[in-house]
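S.K.: The chain contents come next:
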Amino acid sequence: MRMIIGVAFIAAIAVATPALAQHDHQGHPAPVQPPPAEAHAQHRMEAADGDPHAGHDMPAEPATAADPHAGHQMPPPVPTETPPAATGHRPGVPDPPVRGPSAAASSGPAHAADAVFGTAAMAPARAIVRREHGDITSGMILIDRLESVLGKGRGGYAWDAQGWYGGDIDRLWIKTEGEGRFGKPLERVEAQALWSHAIDPWWNLQTGVRHDFRAGPDRSYAVVGVQGLAPYWFEIDSALFLSDKGDVTARIAAEYDQRLTRKLILQPAAELNFAARDVPELGIGSGLSTAELGLRLRYQFVPEFAPYVGVRHERAFGDTAAFRRARDERAGGWNILIGVRSWF
Amino acid sequence: MTSFVERRSLLRAGVVGLAGLGVTGLVPAWARTGSAGLAPAMPMLSGEDIHLRIANTHFTVGRRAGHAVTVNGVLPAPLIRLREGQNVRLHVENALDEDSSIHWHGLLVPFQMDGVPGLSFPGIKPHSRFVYEFPVRQSGTYWYHSHSGLQEQQGHYGPIVIDPAGHDPVACDREHVIVLSDWTFLHPHALIARLKAEGGYFNRRKQSLLGMIRGGAEESMSAADRAMWGRMRMDPTDIADVTAATYTYLVNGHGPRENWTGLFRPGERVRLRFINAATMTIFNVRIPGLRMTVVSADGLDVRPVTVDEFQIGNAETYDVTVEPVEDRAFTLVAESIDRSGMARATLAPRLGMTAPVPPRRPRPTLTMKDMGMGGGMGGAMGGRDHGSMAAMDHGAMDHAAMGDGATATGPRAAVAADRSGVDHGGMDHGTAQAMGAMNMRDKSLVPDGVKVGVGVDAIAMAPVDRTGDPGVGLDDVGHKVLTYRDLMSLTPNPDTRPPQRTIEVHLTGNMERFMWSFDGEKFSDGVEPIRFERDERARVVLINDTMMTHPIHLHGHFFEVVNGHTGSYPRKHTVMVLPGGKVSFDLTADAPGDWAFHCHLLLHMHAGMFRVVTVRPLDGGAA
Chain A
1 MRMIIGVAFI
11 AAIAVATPAL
21 AQHDHQGHPA
31 PVQPPPAEAH
41 AQHRMEAADG
51 DPHAGHDMPA
61 EPATAADPHA
71 GHQMPPPVPT
81 ETPPAATGHR
91 PGVPDPPVRG
101 PSAAASSGPA
111 HAADAVFGTA
121 AMAPARAIVR
131 REHGDITSGM
141 ILIDRLESVL
151 GKGRGGYAWD
161 AQGWYGGDID
171 RLWIKTEGEG
181 RFGKPLERVE
191 AQALWSHAID
201 PWWNLQTGVR
211 HDFRAGPDRS
221 YAVVGVQGLA
231 PYWFEIDSAL
241 FLSDKGDVTA
251 RIAAEYDQRL
261 TRKLILQPAA
271 ELNFAARDVP
281 ELGIGSGLST
291 AELGLRLRYQ
301 FVPEFAPYVG
311 VRHERAFGDT
321 AAFRRARDER
331 AGGWNILIGV
341 RSWF
Chain B
1001 MTSFVERRSL
1011 LRAGVVGLAG
1021 LGVTGLVPAW
1031 ARTGSAGLAP
1041 AMPMLSGEDI
1051 HLRIANTHFT
1061 VGRRAGHAVT
1071 VNGVLPAPLI
1081 RLREGQNVRL
1091 HVENALDEDS
1101 SIHWHGLLVP
1111 FQMDGVPGLS
1121 FPGIKPHSRF
1131 VYEFPVRQSG
1141 TYWYHSHSGL
1151 QEQQGHYGPI
1161 VIDPAGHDPV
1171 ACDREHVIVL
1181 SDWTFLHPHA
1191 LIARLKAEGG
1201 YFNRRKQSLL
1211 GMIRGGAEES
1221 MSAADRAMWG
1231 RMRMDPTDIA
1241 DVTAATYTYL
1251 VNGHGPRENW
1261 TGLFRPGERV
1271 RLRFINAATM
1281 TIFNVRIPGL
1291 RMTVVSADGL
1301 DVRPVTVDEF
1311 QIGNAETYDV
1321 TVEPVEDRAF
1331 TLVAESIDRS
1341 GMARATLAPR
1351 LGMTAPVPPR
1361 RPRPTLTMKD
1371 MGMGGGMGGA
1381 MGGRDHGSMA
1391 AMDHGAMDHA
1401 AMGDGATATG
1411 PRAAVAADRS
1421 GVDHGGMDHG
1431 TAQAMGAMNM
1441 RDKSLVPDGV
1451 KVGVGVDAIA
1461 MAPVDRTGDP
1471 GVGLDDVGHK
1481 VLTYRDLMSL
1491 TPNPDTRPPQ
1501 RTIEVHLTGN
1511 MERFMWSFDG
1521 EKFSDGVEPI
1531 RFERDERARV
1541 VLINDTMMTH
1551 PIHLHGHFFE
1561 VVNGHTGSYP
1571 RKHTVMVLPG
1581 GKVSFDLTAD
1591 APGDWAFHCH
1601 LLLHMHAGMF
1611 RVVTVRPLDG
1621 GAA
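These protein sequences, in sequence, are chains A and B.
Counting from 1, one number per residue, gives the positions in the first sequence under our numbering.
Counting from 1001, one number per residue, gives the positions in the second sequence under our numbering.
It is worth saying that the hints were derived from the structure and are not from the lab.
Bear in mind the structure is a predicted one, so any value in this text is a computation, not a measurement.
Treat each hint with caution, since some may be false.
[Stated by the list, open to error] Beyond 10 Å from chain B on every Cβ pair, some chain A residues (computed):
no. : residue
1   : Ala112
2   : Ile143
3   : Pro185
4   : Arg219
5   : Tyr232
6   : Leu260
7   : Glu329
[Unchecked claim] Straight-line distance between alpha carbons at most 16 Å, and here's what the computed EDC-like set of lysine to aspartate or glutamate pairs gives:
no. : chain 1 : residue 1 : chain 2 : residue 2
8   : B       : Lys1451   : A       : Asp328
9   : A       : Lys263    : A       : Glu304
10  : A       : Lys152    : A       : Glu329
11  : B       : Lys1451   : B       : Glu1326
12  : A       : Lys245    : A       : Asp218
13  : B       : Lys1206   : B       : Asp1235
14  : B       : Lys1443   : A       : Asp200
15  : B       : Lys1206   : A       : Asp257
16  : A       : Lys152    : A       : Asp328
Ideal placement from N, C-alpha and C gives every residue a C-beta, glycine not left out.
Bound conformation, chain B alone (with noise of 0.2 Å):
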């Protein structure tokens, strides 16, 4: 079935591409503009039995079609509204011609309802119905997206927000849903092929020599480091594989111009949901004039952290509130991370006010630690190998401490700690000269179990934890940003047994190619699961090799990230791992099943970025 809308609202405002897609007739009521909220009176689904229908909407903008994939009609789907401890069915109607479904993103649900085709069920075919039935175990932030073909690109995405059951700790006097995302016309297919074609194709702010001659912050990058970059077929600039080149940036499904608005009042407490739903951009979050307090991440209370901006992966979510005083209107800006473009909203007490919009901030351009060559000495010494890690949190610094440290992990990283040995007489770290001449691709870095083949154009010779930098190209903005290792959850966590064991999982790819894999091998490869016993606790440990940044997510579970407040880690279904970083979490394998795993930066996953993560033994089958 198909509906048609006419946008001539666009029309109005300008050339499309510019004007952003004006789906002001598209979208649901909790997204319109001038909103005063979310209110009980709202048109939103709730209670026990939610009907949602998955169809094509076409759409004209002058003369250009447009095509999305809607839920009930609507860019971005129905916000759903639940309360912890009820029981929720969801009647999903199909009435695309291709087979769909849905994924309850962040929602802890029996395997058979986690909504991925060909691992938690067999996918809702075409005009076909699917009911997913589950106990709503939490509260916080949450979405929904279609996990079939790429139909998320194409609008298949909504907010859910689940009230606690009982009082919630977040106290407020308003609260709004963010929903970031961007939209093309270009058909996903179409994306994929003009990167499989030219790696870099979207990136249209590449350095060049006129650019080295002016100078200026995009372009600061010495002749040598150039000639090094260039040695290695790497592109410091390359941050985002589709940029504003392609997309527009929608805030609850209005683009820049369109501006959507929310209402406050003056001296409110405006709680603010942030939903990353955008197919492949990460997103630097920030509302010039207002500080925000982080209540929430990824749908769980953390300690409140006051942050001037944030950066929020693909498939993350931040509750935070603002308390503005002043009676005017405040410009909220979600640029996307390599700053071709942003998403524009704004709030303010009456419809019709706007803020300046802060200008676009150059380019960032990747570093040497990007690069995974660690952040100087310390990042070569303690990013390789666990064992002389552990080693230097017990203060010792010299080389044999670190030899002792590695043994008690084996023999594979006892040769690690040989070589960052040699590494320490050796490496000239910071000079071009030195980092041109380095393997990029050694494969002794790296376990046995990762293949070293055509999809790894590199290895991080010295990943380090990154947990502490705000995100690529925000090291420097003159305001505070936050990091992981700001989050601490607000109650304690409820496993903390130590891990048992390490499970390491290397972010590999190959921009020119644009593959993109774990362990060096894609999904359609024929992988491995990675296997949990059911209540194990282990550490997974996950390093990025590549240059870019992976918002990585598992399903069915919620991880505690490593970030040094040991009892009180921040809880998250999504981590960003930084380029040349490492990040560690800790999991408690208590959902029985098949869980898919990957990198949320949709064609990523697509490429062959995805792993089935299995917990076994079910005890009796599907619960």
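Isolated chain A (complex conformation) (with noise of 0.2 Å):
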């Protein structure tokens, strides 16, 4: 039942983009005319010194062909059809209607050029051509926080991590997580492949398995979820996980860059875990299971490298809690986090 919450925080997000797709019409109407003050501004400055007709006068000499200085030599003035001036600039001849190529224009052969080089040479470099004017496969490594974890009775380490390949719309996706503490077997593992498909300008949908290790039996997930850009430039990345026992949880993580200056940037950030049902090997209870705010200032010397210095409140809630304190675990607490943030 709960589960719906976490699914309405995805499609709330999914939807955000569309839900501000909407006029205003509120306000007055406001007098029609063309801007003035620019048109006005415009004719000054040419009547002080841009004018076009004063070529005439250029140069200040009478110009003669005799004279080396002459500059050009001006042929009748061209009666124009609208004096630009009066009109406001307006093109004299208004637009003839939007229409589709004559037959004519269709005629002929498909490539002009083929005619006189062959088509078995112009072909493949036709694909050439083709595949280099918007065919750019790319990718991207971000370790967007490696950092260690200090707090209570605890010092160890985290890491947040993605990378991407492909072109455009289609990208291969790969994401991992995990923490551990110092001198202890690593205590959390996840990695996502995930298929990334772009659906608007700013979000992509993405597919796939994540995996889980160490944190007690390891689990296998499919995945849903939406990343993206959230107007006011948050970022978002939320998913839905289906696991290989039939559980049900999904999470929605959000982050924001607030430049205080160019290079100095905090980012406040906010993850939230939420599942269908208890899972108790996994100590996870139903409902919002965990809430993880951060705090992150970081000094970007270039984009790729920037250190950074935090803290972090992470907190369990519910049957969630109880299986921390039933392990003699603290429900939640504070943290402070040094790490680096950096991409290539």
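Got two chains here, each in a separate frame; can you build the complex from them with the hints?
M.R.: Following this line, the structure appears as structure tokens:
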């Protein structure tokens, strides 16, 4: 039942863009006229020093053929259909109707150069020119967080990284996060392999698999999620997970880069985890299971390299908190973070 | 084949990247500093047979290894000087291990000589040759560059000067070629990879909280406006995709510290032939203390117009004359459009003289107009549909007349007119709140042919004709800046037939994903060509739905930029479309064949902003 909340979160993100798409018909009618200030300014300027007709008088002396400094020898002034200065420079000939090409325009060979160089020579070159104008394959590895986690009675580390490779629309997207304590085996490692498909200018639909190691019993999940950029530049990553044991969980994470200066960036971040029902062997309780708030201050020497310090508050709720207490763990707490953000 | 050049002069000059690319050993004679100007005795390539060799050139700058793709071993490539009316055979040898090509930018040539691999010819295979041969049908300032891969970024560009067959209407005592470009040690593919990873990667001067508190010209935007831009996921400081964070801006191959110097004698009239051969940089050009008289644009003469500054898009050329009378040096400044850096050179009576370099001006910030919100109400009304615009031309200023005008162009325009009526009642222009609430991707504003998908992050709601605007950041610089409306052809336009149909082309993109396209579709998506009937007269309306300036280039033709000077429109091969703006040009499709049509910001083209234009019938095939 509570899983609906998680779904609703994701749905809300997915529709965030269209939701903006409403006209706001408030306000009052404005007078209908061309932009006057600008047009006048233009005329003034031209009259002062930019008037093309002033070319006749350029240079100061009268222009004669014998004068080496004569500049242009002006032909008689060309009659213009509409005196530009008087009409605010509107085009003299109105735009004709929008129409497709005539039949004759579509006649003849499909590719003109084939007639000269032969199709055998042109066809491969044509494939290249097509590929080289838009078909760009690219990739990126982003280590969003690689940090020491310092807190009461614990010292540990955590990471959150992702990488992608592909074209503009379809990409292979890898994500990994995990944490551990210094001197102990890794506590938790999560890896996702996703197919990412761009669904609008800012959002990607991502589906694939996730596998968790060392967090109790290993689990595999099917993943469907939405990742992208929300209005006001919020980076959002949300996903639903269905485990091989039939458990449904959801996660939504958001972060925002507030530039204090051009290089000093304060990044608030939040992550919420939800579960449809208790999963005792993983210590997950139904409903809102955990929440994490972070605040990281990074100095971006170059976009690819930015060390940071930060604080984090993480807390478990409901049965998740109860599971933790049963293991003699605290339900939540504060941590200090020292880390680095990097990409290449 | 590879040559090695030790770059010791750069070591002396200081830190690489500040000192610029010290390519003095690499530069051809015409581009050397201290040049007295183009002289007949100077080694430049002319005549009926010209030999060019494309090769890799490796050089080291301190411990930094550089790699350039050069023509005849120099950067920029050799100056080719031709005469109108001659025939020319250009023997090009490709000594690279990859395909190469040369496109003669702005030259009217048969399509199979235009040099676009996969379109006009198969390309020049590694270690093979190709002979270009064509009659020279024009005069003026042009240039040439590779159309293969991203070799142009690596140095494969050079100037072409064609003397008129008859008398040159531009009289001068001396002339210099000024090739502006940008250099990075990053491989072009590394540039692309960074931009795909982070669209704003090279923008290191974004707005910040402390900046807002401190204020100043670069941070004057109100909190409400910032929120509105943020809501749209648009960055008002995103002026250039690639900036001085990696680029060194060059004049004739010289970095700012190397200070390329062109000589003059006081009292002379000096003609400067500007060519923007940069990969990703639009420049603002000025010479403090000297007014510049623009005498030609894209190679063709215009009525002289005197300005203090002009913006030059990639692949555009402007010839200006200056008349320094004092016996002193003048600094020539070409700042990048985002003002993160500048190319600098000096005009001086003697080598070694310098003038103060003006300080960097504040970074511009995009406005509502750049967002396609028009320039106020007039923009909102006139901008969208051509029908209502025509109505405005006739002085009709009421909604009913607008509706009449709109019906002339069919149902879509009528719908647009309806909407603009609604807008008039409902929109509160200029307030951030109302703007943020609008649909920035309203599909009903564009023809069905425009694919509003992942690659389109915005559609201009009310694009306006911005040919009267000087360019991003130049509205308030306190002196006269050239606009397209200042340009009038010196000679009457050859074809004054009214255009018979309109072709609307939307310039579209996604800043975050670094996707660029026409009509929402990348060339690699497999798009239909834009088809013209031979000799038809048509109007092409370029509508910029993005928030960047795009220099759009059509191969094989000059088109008339519709700027109000009917019959004397300036004829160009490349036209800048300002963000949220539109430009109309009239085209006589008189060159049969297949032609490239693309944004000349090279990485935009590479990302998909490219189309094929066909002109049929070929009439007996390739001429």
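S.K.: Against each hint, give a clear statement of whether it holds in the structure.
M.R.: For each hint, the structure was consulted:
no.: 1; hint: Ala112; in the structure: violated, 4 Å
no.: 2; hint: Ile143; in the structure: holds, 13 Å
no.: 3; hint: Pro185; in the structure: holds, 34 Å
no.: 4; hint: Arg219; in the structure: holds, 31 Å
no.: 5; hint: Tyr232; in the structure: violated, 5 Å
no.: 6; hint: Leu260; in the structure: violated, 5 Å
no.: 7; hint: Glu329; in the structure: holds, 38 Å
no.: 8; hint: Lys1451(B) x Asp328(A); in the structure: violated, 58 Å
no.: 9; hint: Lys263(A) x Glu304(A); in the structure: holds, 12 Å
no.: 10; hint: Lys152(A) x Glu329(A); in the structure: holds, 12 Å
no.: 11; hint: Lys1451(B) x Glu1326(B); in the structure: violated, 57 Å
no.: 12; hint: Lys245(A) x Asp218(A); in the structure: holds, 11 Å
no.: 13; hint: Lys1206(B) x Asp1235(B); in the structure: holds, 8 Å
no.: 14; hint: Lys1443(B) x Asp200(A); in the structure: holds, 13 Å
no.: 15; hint: Lys1206(B) x Asp257(A); in the structure: holds, 12 Å
no.: 16; hint: Lys152(A) x Asp328(A); in the structure: holds, 15 Å
This entry does not satisfy hints 1, 5, 6, 8 and 11, going by the numbered hints stated previously.
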